[in-house]
Amino acid sequence: MTDYNKIYNGISKSIWGYFFLYLNFTINIGNGSISLLPSFVGYILFLKAIDLLKDEERELSLLKTLGVILGVWEGIQWLANCVGYSFGGKWQFINLITGLVNLYFHFQFLTNLASIATKYQQENCIYDKDLLTCRTVQVIIQTLFLTISNLNLDFTYSAEEIMFYVTMIFMVVYCIFLLGIVTTLVQLRKHLKNDEEITEENSITE
Amino acid sequence: MFDIWGFLLQTLTVSGVAALLLIIKSLLKDKLPPKWHFSVWSVLGIIILFPAGILSRYTLFNWQTIIEFFKLLVKDYSFTRVLFPFPIIKDVPHTLAEWIFFVYFAGVIVSLFVYLLSYIKLRVVLSKGSSPDIETISTINTIGHKYKIKPCKIVMVANLPSAFVCGIIRPVLVVPDKTPDEKVILHELFHLKNKDTFWSIVICLLRCLHWCNPLIAYCANLAINDMESRCDQFVLEQLEGEERRDYGRILLSMSNERFAKTPGSTCINNGGKNIRKRIEAIARFKKYPVGMTLVSVCVIIALSCSLVVGVQATSVPDNAYEKNDLWNFAITKSTYCTTPAGAFDTYGKAVMKDSRSYRIMCAPEEEQAELVETDNYHWHSGCGGTPESSNFYIYNLEMPENDVYEGLLVMKLVNAPDGYEWVEGKHYLAHQKIRAFKENGRWVVTPLSKFDYTATEQTLGRYGCADLPGIVYTNTVDDFKIDVCFQTIYTINNETPVEDDMFGLSGSMHRYNNTPVPNAEFSYAYDNHETKLTHLGTQEERDSINRIGIAVKSVHKGEEKPDALTYVGGKYDSSMSTSDGSSSAVRTLEPGWGPEILLSGGGGGGGGTFSQLLNIDTPEYYVADLYINNELYAQMELHLQEEE
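Heads up: the sequence lines are chains W and L, in that order.
Counting from 1 along the first sequence, just add 48 to a position and that's the residue number in the working numbering.
Counting from 1 along the second sequence, just add 236 to a position and that's the residue number in the working numbering.
Quick caveat, the hints were computed from the structure, so don't treat them as lab data.
Treat the hints loosely; a few may be bogus.
Unchecked claim - Straight-line alpha carbon distances no greater than 30 Å define the calculated DSS-like cross-link-like pairs of lysine-lysine that follow:
| # | chain 1 | residue 1 | chain 2 | residue 2 |
| --- | --- | --- | --- | --- |
| 1 | W | 167 | W | 112 |
| 2 | L | 364 | L | 311 |
| 3 | L | 389 | L | 326 |
| 4 | L | 326 | L | 386 |
| 5 | L | 265 | W | 167 |
| 6 | W | 61 | W | 102 |
| 7 | W | 96 | L | 261 |
| 8 | W | 61 | L | 513 |
| 9 | W | 177 | L | 523 |
| 10 | L | 386 | W | 102 |
| 11 | L | 382 | L | 261 |
| 12 | W | 54 | L | 523 |
| 13 | L | 662 | L | 768 |
| 14 | W | 96 | L | 431 |
| 15 | W | 54 | L | 389 |
| 16 | L | 326 | L | 311 |
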């Protein structure tokens, strides 16, 4: 029998994971800065979500190691920022590895969430397609960001200005689609709750 | 690669990328399809063929620092540069380093020869082959037709362990005398479809270039294995249930690797260990969803762009100027100047700090030995005063030939230089003619003169200083000698923002960046001209003049001489630029003036790219209208002063 509660919790954790990963409030103390919504908490939530959802999607368990790596790296960065050290572009080797792992992690994670949505959404709903669209746009923009941030090119003043505006446009598009992911997941969660209530009512009737 | 250091730089760069790929591949094992695992080796292939350290860019780590460090240890002060990814012997070896490079070069030739020999041996075996029976041909054609792969020429060779494809232009499918299993044929046909014989040759050639690097040999083996796994995946995707297990059993039965590593051929059995890995992969077999192609391509794009373009070595540690150990010298030497402005900036800061490390960054090769080996803690620029930690200027920058720039380095001193006495209200300037030129791919600076000094009442700024040397245009009419001194002034903005307060609320402040910026560009360029009148007559004659005015305009090459100049006279003293580009000035004189008087000045300029800034060209001549006691006295042309 489907454990709706488990899937519901898994999706809730995913939503909170995205919340911690992409929202950032920072306070400066001395030389350091402390993020109040640290990204590593986001990865802890993703890992919990994977545990809850792995029975639905076996592929999700493949993401566990990658999630741990990303979480640890984010944790190290968070600690370093607290004491006023910034990794910036100094560690290209690790930045590149984590950047690529991050790219794959979110792509696969959203693919699996879309697959779960396919199983549980109503016939007239297209949560799975919405998630896949957002995933595709997200991976393309992430690739662009990753490539540009690792290129370390010296732009002339005018080119730098153009780059700034292009990056801003991509950021806006990225945020819109990110919002799309969270909204779709919230709708899917709501839908699952309704299903759970219907199943409970049926079992009581029986 | 012309020497062993070049090869070491190249092979270290390649090894770094190989290590990165191995980590990424192991992290994404079973997550991305075998096709990706094979394709990602193309990144390593590009890095092998891309000269390391080109344009001062490094991949992952600044390997050049390590190379320069070892070179300094063995007292080799040349600069390592890789122009080609393959070795070239220019001369008969003399030194140990040259002999080692020769051994490496010989190794490349020998390994190429060994592979060529194994290919020839294979072709000899194939020449003894015969045409297979109709049944075998029919089976192969049916498989090809079924999977839409056009089969090639088929040759049957007795006592072969299994089938394989050989050749690039006219490939041949070689089958043993016993008709092989359909799945093996399918595997080989996929090799044919993917032109894997070509890739096996590419892998062999690249492996030969780094024959003494075990990591590259390991990666080459892995790449061949990934090529086989890719075909295994294709085959397994076509099969179902028991057939898949059969395919594994077939692989398991193969342990003979007779032609496994022959270039230009593909062989399903590529060694016991590799087959074990492939069987494990078969056990984990899964069909990858269509969307995987997108993320696979994205990962390869991000990886290859970042690694091929690399990172520019643009900064040295803040305290590098005061460290005199070999490692520090290696760091500064490997952070070399990539622009003429960067070389001027580095030289200026070396003078400012009397720093050996900074001087090593921008010194020509012939000066390197002396700079490293000297017992002096500091490098002595020869400047007789202490330069101020503030912007310095390059006056009268010119390009006498391609990739050569000459100019006057001007710095403000905080004290009076040797031989001068401090006078309140005066500024002391040190200046030296220097030349920046390109040597072995890096911009270096050499001084052309000793430091000279000027005491001036003018503030040193980007708009010029009449007391400093410039290009002089002159003419004399009767007792009136007019000189126009033309200057160009280039400067690099070295103001760096710093956050000063705890919460960053008060906005950013700026400090002067004392660290060289080897890739700097000039931020501003200005031109300036000052007009000076010298009266050659007696004081009595001078006292009869109570008002002098002048209008001056530059005429550049190709421009027409202006008909008239705008002169702004009037009752009051003034000095201004007019809309037609001329400058006009008028001065009221008291008895006893002269014999020299500064009349007018002007100029313009601003920021822009270096090529735009260099467009400030020197005027061909000046035209001037001289007014004495409010009457036009003479119209003249001022020409370049002949050098004494």
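Do the hints match the structure? See the list:
The suggested pairing of residue 167 of chain W with residue 112 of chain W holds, with an alpha-carbon distance near 22 Å, which does not exceed 30 Å. Taking the CA atoms of residue 364 of chain L and residue 311 of chain L, the gap is near 58 Å; set against the 30 Å cutoff, the hint is violated. Simply put, residue 389 of chain L and residue 326 of chain L have alpha-carbon atoms about 45 Å apart, too far for the 30 Å limit, and the pair is violated. Only pairs whose Cα atoms come within 30 Å are accepted, and residue 326 of chain L paired with residue 386 of chain L is rejected, the gap being roughly 47 Å.
At most 30 Å may separate the alpha-carbon atoms for a hinted pair to count; residue 265 of chain L and residue 167 of chain W meet this at roughly 27 Å. Restraint check for residue 61 of chain W and residue 102 of chain W: satisfied, since their Cα atoms lie roughly 13 Å apart, inside the 30 Å limit. Restraint check for residue 96 of chain W and residue 261 of chain L: satisfied, since their Cα atoms lie roughly 25 Å apart, inside the 30 Å limit. Between residue 61 of chain W and residue 513 of chain L the CA atoms are separated by roughly 37 Å; this puts the pair beyond 30 Å, and the hint is violated.
The hinted pair formed by residue 177 of chain W and residue 523 of chain L meets the criterion: a straight-line CA distance of about 21 Å does not exceed 30 Å. The suggested pairing of residue 386 of chain L with residue 102 of chain W is violated, with an alpha-carbon distance near 43 Å, which exceeds 30 Å. The suggested pairing of residue 382 of chain L with residue 261 of chain L is violated, with an alpha-carbon distance near 33 Å, which exceeds 30 Å. Distance restraint check for residue 54 of chain W and residue 523 of chain L: the Cα-Cα separation of roughly 27 Å lies within the 30 Å cut-off, and the hinted pair is therefore satisfied.
Distance hint between residue 662 of chain L and residue 768 of chain L is fulfilled; the C-alpha atoms sit about 20 Å from each other, no more than 30 Å. For the hint pairing residue 96 of chain W with residue 431 of chain L, the CA-to-CA distance comes to about 45 Å; that exceeds 30 Å, so the pair is violated. In summary, the hint linking residue 54 of chain W to residue 389 of chain L is not supported, as the alpha carbons are separated by about 59 Å, beyond the 30 Å threshold. For the suggested pair residue 326 of chain L and residue 311 of chain L, the alpha carbons sit about 21 Å apart, so the restraint of at most 30 Å is met.
Hints 2, 3, 4, 8, 10, 11, 14, 15, counting from the list given before, are not met by this structure.
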